[in-house]
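Protein sequences, first through last, are from chains A and B.
Numbering follows UniProt numbering, in which position 581 of the first sequence is assigned residue number 581; successive positions increment by one, without gaps.
Numbering follows UniProt numbering, in which position 173 of the second sequence is assigned residue number 173; successive positions increment by one, without gaps.
Worth flagging that the hints you see were computed from the coordinates, not collected in a lab.
Keep in mind that a hint or two might mislead.
What the hints assert, rightly or not - Chain B regions said to be covered by chain A (calculated; three or more residues, Cβ under 8 Å):
1) 24-34
2) 42-49
3) 92-98
C-beta atoms are modelled at their ideal positions from N, C-alpha and C, and glycine is treated no differently.
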Amino acid sequence: MNQPGLRASWPTRPAVLTDPAGVSERSGRVLAPGGGGRSAESWKKDIVRQLKHRDLSQHAMFQDLIRFYTQLLEKTSLAKGILSCSVRRPSSDSSSSVSSLLQRNNQLKKTTGELAYQVVELQQQIKIKECVLEEQHARLSEEERRLAGVLDARQELQERVGQVQEKNGALKMEYDVLLERQREAETRLREEKVKEGHLLEDMIHLKKQAAARMNSRNERRSRARQANLQKELQTAARSKVTVDSSSSAPTSRSTSPKKENHDPESTEKPHTRLFRSASATSPRILNSIRELFDRKRRGHSVCSLEEDLMCPVGICVSARVPVRARQALEAHEQGINAVRFSSSSDLLATGGTDRVIKLWEVRAGSLTHRATLEGSTEGVTCIDFNPTGLKILAASYDKSALLWQRDESVPKLTLTGHSRKVTAARFSSLPHQVVTGSADRTIRLWDLHRAACVQVADVPSYCSDLVCSENSIISGHYDCKIRVWDTRTVSCVQELPAQGKVTSLDISSDHRQLLSCCRDDCLQLVDLRRWSNDRMCFRAEGFKCGSDSTKAVISPDGCFLAAGSADGAVYIWNFSTGKLETRLPDQHSSSISAVSWSLSGEHVVSVDKRGLAVLWSDI
Amino acid sequence: MAEGGSSVEFSSSLANSNLPPPRTRIFKIIVIGDSGVGKTCLTYRFCAGKFPEKTEATIGVDFRERLVEIDGEKIKIQLWDTAGQERFRKSMVQHYYRNVHAVVFVYDVTNAASFRSLPAWIEECKQHALGTEVPRIIVGNKCDLQESIQVGTDVAQQFADTHSLPLFETSAKNPNSQGEGNCGGGNSDHVEAIFMTVAHKLKSQKPLVLSQPAEGSGGTINLSRGRDDGGDGARSWACSSC
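Next comes chain A alone, as it looks inside the complex (with noise of 0.2 Å):
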């Protein structure tokens, strides 16, 4: 009777036994999301999946007991039916089955309290897995805690990490533009240093001229000097003639009171001396010459511009066709290249294969010479005469030009630059610049203050001599070409063609009439505002080019053409009727290399391969 009720209550049992686990199941999994806070992650999903596999597993081992206390239960109300069975029976059995019974009853409750002992410890054992499932919980929650702690933290450093990130960003533009500004200040400090060089330079190179120019003053002065004192001992040399008493001691006694009663007036006298000196003879006109470039020197010490506009310059009237030969002279050790009368004066300046440049004056009907310029390495290839007639321009075949003061032997500068011979070199119109032409096939400006090359063009042949206009350039080559270039732009404006080699160039005084020379033994005259290729070609029978640098020269009139031919004669062509006007033969026994008419337009120049140098008039 009590075995179906006992039965039917079993299932609740395990119920009840397992509902705290359940609970505190439920309670962790409440738990978790509200001490987590932040749900919808995957390490919750997986905690409650780990949650759910435990309780699956302890479930299981709970269930194993819960069946053995079934069982235990049913084997129990078994035992009670039995006994109560056997408990009527023994009334009818024997006493010895009861006996058996009791003993087996007692069996029974022994075992009873065994299991009941058994459930007992389960349940001890269930308790404190609870405990320990409980702990876990806490520790887990406090694990979520620490996480979500964790989390705040690491989101922080994150933004720090991100600030500092944005820091840096922002230190690194600092950086690069401090670096880019490192880099422009380093380059300008490179450009300065460089431009510092330059001015050292300079500056090394003005001191450099000054102590020249000072040397060259305390020479000047102690030569003039020295010239006085001879002149005043000579002076006292004859004053002992005529005062017979006097002795040698008083003479030289008297000439130096005399030098400090003059001494405050020194700034004075060489105007006097000059203006007085200028009709006089010789050595008096150099000193007064020389006196007055000192005393300009000393007031332009860096810049003599206003020596060159001083002077002069002169224009002829008319030229006079020369008759005869004044003077023949062997001018030159070696054969002479060049020669060219100064534009301001009756200076004529011839320079050779010897390396110098002579200087001679024409004075009464002979040539006087007057200096020689040395400086030059090798023969001298072309002169010219600044239009104020002071300084002296040579181009050279050691590769250079060479200037001088015409007071000065050595060269005041040398222009290097050309990688082969300078053929012809000239003062352009502007004061102080110059231009050269050379075989390196180049032609280049040079800026006389700086001593350096402007500009420098390149021409398609060599250039074997060139002339200057207003802002042209005349060049004339070996391959048959005259061109013009223009200064401001050093590029080739025209080119004009001529029958064979262009060996020289020379350009009227009114720059109207250019002039050339050709190997084809003929001269050529270009009217220069036409620029048209009608041109009057001069011709003469006998007249030979005799090198690829023979130079012919127009008047200073304009009215005639000089040339010297291979046969050793002059040829002068009138330039109104085209015809030979005439020809000086007998002088020369070489091949004659160039001619120059004077400014005055009395004397013509020639000078040939030997060194001899004839000069010619009409009287």
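Please build the complex by placing chain B on the supplied structure of chain A, with the hints as guidance.
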């Protein structure tokens, strides 16, 4: 120039009536020495009479002139204040030594290196074909800085003696502060005294002699007055400060 032979031609009548004024003589004296020894200050002191406020490295050369009167003759002393730094003087050296009348070597008494390089300067001077006939002196500058002296007077004097050069010690800044051995004596300017000594020497050494030998004209008179004056030995003319 070509007028060498023509000087004979001076006509006496003109020369008599209108003698060109004899220019004052110029003595070119170069001042040589290491960078920063005070060459500029010395020359400035002599020519301007005071110590320069501020100087910078001399580039190339600076010229300073002063007109002095010695024995009634006006003489222009032309001082060439040369650059001490090699880069500022290279390529100029031959200009320095051209026709120089006297050489002043300067060292800094507070800088032993500047003293040690004196032989190099003297050698350079020799190389430029300047024999003993050109008066040369040694000047120790900056001796007002008593506390930092590195070159003793005795050492310097010994050196000067081996080269037979007169020695002076002075200060361009304060020339009168010198203790013993003041050549000028009294309260006179010592720097000036040094240069004036050189000038006197030059004047006596360079008498009115025509360096050009007499050509043609027998009337050349060799005025040997100066030679007699200075004839008592080149070494005795200076009063060195020892």
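Hint by hint, here is what the structure shows:
As drawn, the region 24-34 of chain B meets chain A at 4 residues by the rule of a beta-carbon pair under 8 Å; at three or more, the given contact holds. Under the rule that three or more residues need a Cβ within less than 8 Å of chain A, the assignment of the region 42-49 of chain B is violated, with 0 such residues. Residues of the region 92-98 of chain B with a Cβ under 8 Å from some Cβ of chain A number 4, which satisfies the need for three, so the listed coverage holds.
When held up to the earlier numbered hints, the structure conflicts with hint 2 and nothing else.
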